[in-house]
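Keeping the supplied structure of chain A fixed, place chain B with the ligands upon it in accordance with the hints.
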Amino acid sequence: MQKKLLEIKDLTIKFHTDDGVVEAVNKVSLTVHEGETLGIVGETGAGKTTTALGIMGLVDCPPGRIEGGKIMLDDRDILQLDEDEFRKLRGKEISMIFQDPMTALNPVFTVVDQIAEVIANHQQLGEKEAEQKAIEMLELVRIPAERAYEYPHQFSGGMKQRVVIAIALACNPRLLIADEPTTALDVTIQAQVLELMKDLKTRSKTSMILITHDLGVVSEICDQVAIMYAGEIVESGSLEDIFENPLHPYTNGLFGSIPDIDKEVEFLSPIEGLVPDPSDLPKGCKFHPRCKYAQHLCSVEEPVFQEYSPGHYAKCFVYEGKLPAKEVKKYE
Amino acid sequence: MSNHYIEVKNLKKYFQTPGGNLHAVDGVNFTIDKGKTIGIVGESGCGKSTTGRLMTMLLEPTEGEIFFDGKDITKLTPKEMVEYRKKIQIIFQDPFSSLNPRKTVFHSIAEPLEIHKVYATKAEKENRVYELMELVGLSDRFVNSYPHELDGGRRQRIGIARALALSPEFIVCDEPVSALDVSIQAQILNLLKKLQLQFGYTYMFITHDLSVVKHFSEEIMVMYLGQMVEKAPVKELFANPRHPYTQALLSAIPVPNLKKKKERILLQGEITSPINPRQECRFAARCSFATEQCRKEVPDITDLGGGHSVRCLRIHEI
Ligand SMILES: Nc1ncnc2c1ncn2[C@@H]1O[C@H](COP(=O)(O)OP(=O)(O)O)[C@@H](O)[C@H]1O
Ligand SMILES: Nc1ncnc2c1ncn2[C@@H]1O[C@H](COP(=O)(O)OP(=O)(O)O)[C@@H](O)[C@H]1O
Ligand code: SF4
Ligand code: SF4
Ligand SMILES: [Mg+2]
Ligand SMILES: [Mg+2]
Numbered sequence: 001m002q003k004k005l006l007e008i009k010d011l012t013i014k015f016h017t018d019d020g021v022v023e024a025v026n027k028v029s030l031t032v033h034e035g036e037t038l039g040i041v042g043e044t045g046a047g048k049t050t051t052a053l054g055i056m057g058l059v060d061c062p063p064g065r066i067e068g069g070k071i072m073l074d075d076r077d078i079l080q081l082d083e084d085e086f087r088k089l090r091g092k093e094i095s096m097i098f099q100d101p102m103t104a105l106n107p108v109f110t111v112v113d114q115i116a117e118v119i120a121n122h123q124q125l126g127e128k129e130a131e132q133k134a135i136e137m138l139e140l141v142r143i144p145a146e147r148a149y150e151y152p153h154q155f156s157g158g159m160k161q162r163v164v165i166a167i168a169l170a171c172n173p174r175l176l177i178a179d180e181p182t183t184a185l186d187v188t189i190q191a192q193v194l195e196l197m198k199d200l201k202t203r204s205k206t207s208m209i210l211i212t213h214d215l216g217v218v219s220e221i222c223d224q225v226a227i228m229y230a231g232e233i234v235e236s237g238s239l240e241d242i243f244e245n246p247l248h249p250y251t252n253g254l255f256g257s258i259p260d261i262d263k264e265v266e267f268l269s270p271i272e273g274l275v276p277d278p279s280d281l282p283k284g285c286k287f288h289p290r291c292k293y294a295q296h297l298c299s300v301e302e303p304v305f306q307e308y309s310p311g312h313y314a315k316c317f318v319y320e321g322k323l324p325a326k327e328v329k330k331y332e
Numbered sequence: 001m002s003n004h005y006i007e008v009k010n011l012k013k014y015f016q017t018p019g020g021n022l023h024a025v026d027g028v029n030f031t032i033d034k035g036k037t038i039g040i041v042g043e044s045g046c047g048k049s050t051t052g053r054l055m056t057m058l059l060e061p062t063e064g065e066i067f068f069d070g071k072d073i074t075k076l077t078p079k080e081m082v083e084y085r086k087k088i089q090i091i092f093q094d095p096f097s098s099l100n101p102r103k104t105v106f107h108s109i110a111e112p113l114e115i116h117k118v119y120a121t122k123a124e125k126e127n128r129v130y131e132l133m134e135l136v137g138l139s140d141r142f143v144n145s146y147p148h149e150l151d152g153g154r155r156q157r158i159g160i161a162r163a164l165a166l167s168p169e170f171i172v173c174d175e176p177v178s179a180l181d182v183s184i185q186a187q188i189l190n191l192l193k194k195l196q197l198q199f200g201y202t203y204m205f206i207t208h209d210l211s212v213v214k215h216f217s218e219e220i221m222v223m224y225l226g227q228m229v230e231k232a233p234v235k236e237l238f239a240n241p242r243h244p245y246t247q248a249l250l251s252a253i254p255v256p257n258l259k260k261k262k263e264r265i266l267l268q269g270e271i272t273s274p275i276n277p278r279q280e281c282r283f284a285a286r287c288s289f290a291t292e293q294c295r296k297e298v299p300d301i302t303d304l305g306g307g308h309s310v311r312c313l314r315i316h317e318i
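Top line first, the protein sequences correspond to chains A and B. Residue 49 in this note's numbering sits at position 49 of the first sequence, with consecutive numbering throughout. Residue 146 in this note's numbering sits at position 146 of the second sequence, with consecutive numbering throughout.
Same shape as in the complex, but just chain A:
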């Protein structure tokens, strides 16, 4: 087993708004090993971005507040760092890529300048050397050197996202967090970016957290997967665990909802109902209002997140043996 790089324990993040308390992240525990890619999968509002911002020390406070837990990077709890120390950590040890590349790009500077600036800031290099290194980074993400002196608006969406990846990688971070990096791109362009990320993963051994709602994307590049629902991890395990032997009813529901290109079905099997409002979460198991297997117990008591086979965890009473169902039916 590789060395643990990041270990999150019971991370809890809430937003205190005028309309109430949003319980965005509830006792989330996750581990990323060195060289490994962890996929965090979930629908809108599940708390994926908030978890990532928690790791980056970028949660909006107020209204946000980290109310509990630890985020261990090696042996340090980074939640104990002050703002200055966190700033040093970002970019150098942890970088993040956002869905919209323009949040990370400055429209008035050329792309090469933007990468060179990051490099100059973090690695005492001269202007010329930083620029040279920046051009190398662009070539690494397959943007030809002759386009280095152009501005972001002259680039297509896929190219902008590749520039952002170059910026994020410029300082050789140990952990790269990518938040829906390909969601806004066309599939053929998405394929290019995923291929690039896979390549970087094997070459630079950077650890990654890939946030996505797309199980297809996860299956392309992740080693470990965590399924998030209503601020909680409801299941986690290796890629094979989750795809070959999904346990939780929500995970199975997600697979049933996806139109499968290799299958003939007239109707899909969606999960009925809607994602709950995180400022008014249901009691007991948070999935119970939508769960086909729910019994009275599920609406009053909360299941425990437990290990069922080595490394494969789920949070559901079916697997605690407390419900009539012995197992959850696998999606077709």
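FYI, nobody ran anything at the bench for these hints, they're computed from the structure. Nothing here was measured: the structure is a model prediction, and the numbers come from that model. Careful, some of the hints might be misleading.
Unchecked claim - Calculated cross-link-like contacts (lysine-lysine; reagent style DSSO-like; alpha-carbon spacing at most 30 Å): (1) A:Lys201 with A:Lys70; (2) B:Lys71 with A:Lys263; (3) A:Lys3 with B:Lys261; (4) A:Lys263 with B:Lys235; (5) A:Lys263 with B:Lys193; (6) A:Lys330 with A:Lys27.
Relative to chain A, chain B with the ligands alone:
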């Protein structure tokens, strides 16, 4: 005259832009039979929405004909157009921007009924609104809610209810689930399918996602830079894609199945400009099969039989 319910011939839409003529839709042909669905697929900017808006006459074509039940709707009188508009409706991708933020669910759904003065009494209109809400799975309790108070899935249900209000025959669905989460996507896709079975609607289903359209349509047309590059019955297209672009598009879809990992065709480069396109195959810049000839000649459409046609000069070699 053919006996297809809908027949589109050489449909073109050019937009004047400061850089020149933008060929958004450039000579598209297809037919749709009653009660069936055609899927229109391709990357952003390839002309899908423009095609859909032309079908609903929200846009006027630069050239071409659209026959609806044998009648060319591009030549209708304004009075005939009013009648036609009722038969044909559109559902948009982003229900939020297509709904009036100041109108409640009730008023949003009642609006088309009021514009077309469908009912003489208030009671009849109210009945119809509640009936439509039930049809699309919107609970009564939302009748006085505003769009911003609802989630994306419910907003899309309002969009669908509005489209159904005037009992249309043909519905253009322009990326109706692209903005929704997967579990909600499946709910809406099932709803659209159920409504089609119940009322016999004919659909044009526009999407950038081939897996969404697969279980939904009888026929698929793949577009690239304003042109049809391949058209085939759905099974044939998936089993036997022939155009290099379709092949790349199919191979690029990440499949959530570990046992079915396929060889990926990676395209180089990105879509070229649709403004004043050159006399060449529009896919040539990204095509790994491109030859000199592909850069000099616009490929014709080759009919492969069985409803399968492809626009590629080298179709018999690759
Ligand atoms: N700055 C904020 N203020 C208030 N609520 C927020 C804020 N940021 C996120 N939230 C809420 O926290 C929940 C989780 O959001 P997010 O982490 O963005 O989910 P995801 O990335 O999985 O879609 C959502 O209900 C969201 O509305
Ligand atoms: N009103 C307009 N004026 C100028 N160009 C337009 C207009 N509407 C669409 N276009 C252009 O036409 C092309 C096709 O657009 P569209 O039909 O929206 O594509 P798609 O729906 O496939 O993404 C694009 O290049 C787009 O920028
Ligand atoms: S604990 Fe109960 S409600 Fe929750 S997922 Fe399991 S069966 Fe469903
Ligand atoms: S005509 Fe040439 S460039 Fe175009 S798709 Fe066929 S082989 Fe490729
Ligand atoms: Mg997010
Ligand atoms: Mg469109």
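Cross-check of the supplied hints:
| no. | hint | verdict |
| --- | --- | --- |
| 1 | A:Lys201 with A:Lys70 | 26 Å, holds |
| 2 | B:Lys71 with A:Lys263 | 38 Å, violated |
| 3 | A:Lys3 with B:Lys261 | 29 Å, holds |
| 4 | A:Lys263 with B:Lys235 | 11 Å, holds |
| 5 | A:Lys263 with B:Lys193 | 17 Å, holds |
| 6 | A:Lys330 with A:Lys27 | 27 Å, holds |
Hint compliance for this structure: hint 2 alone is broken.
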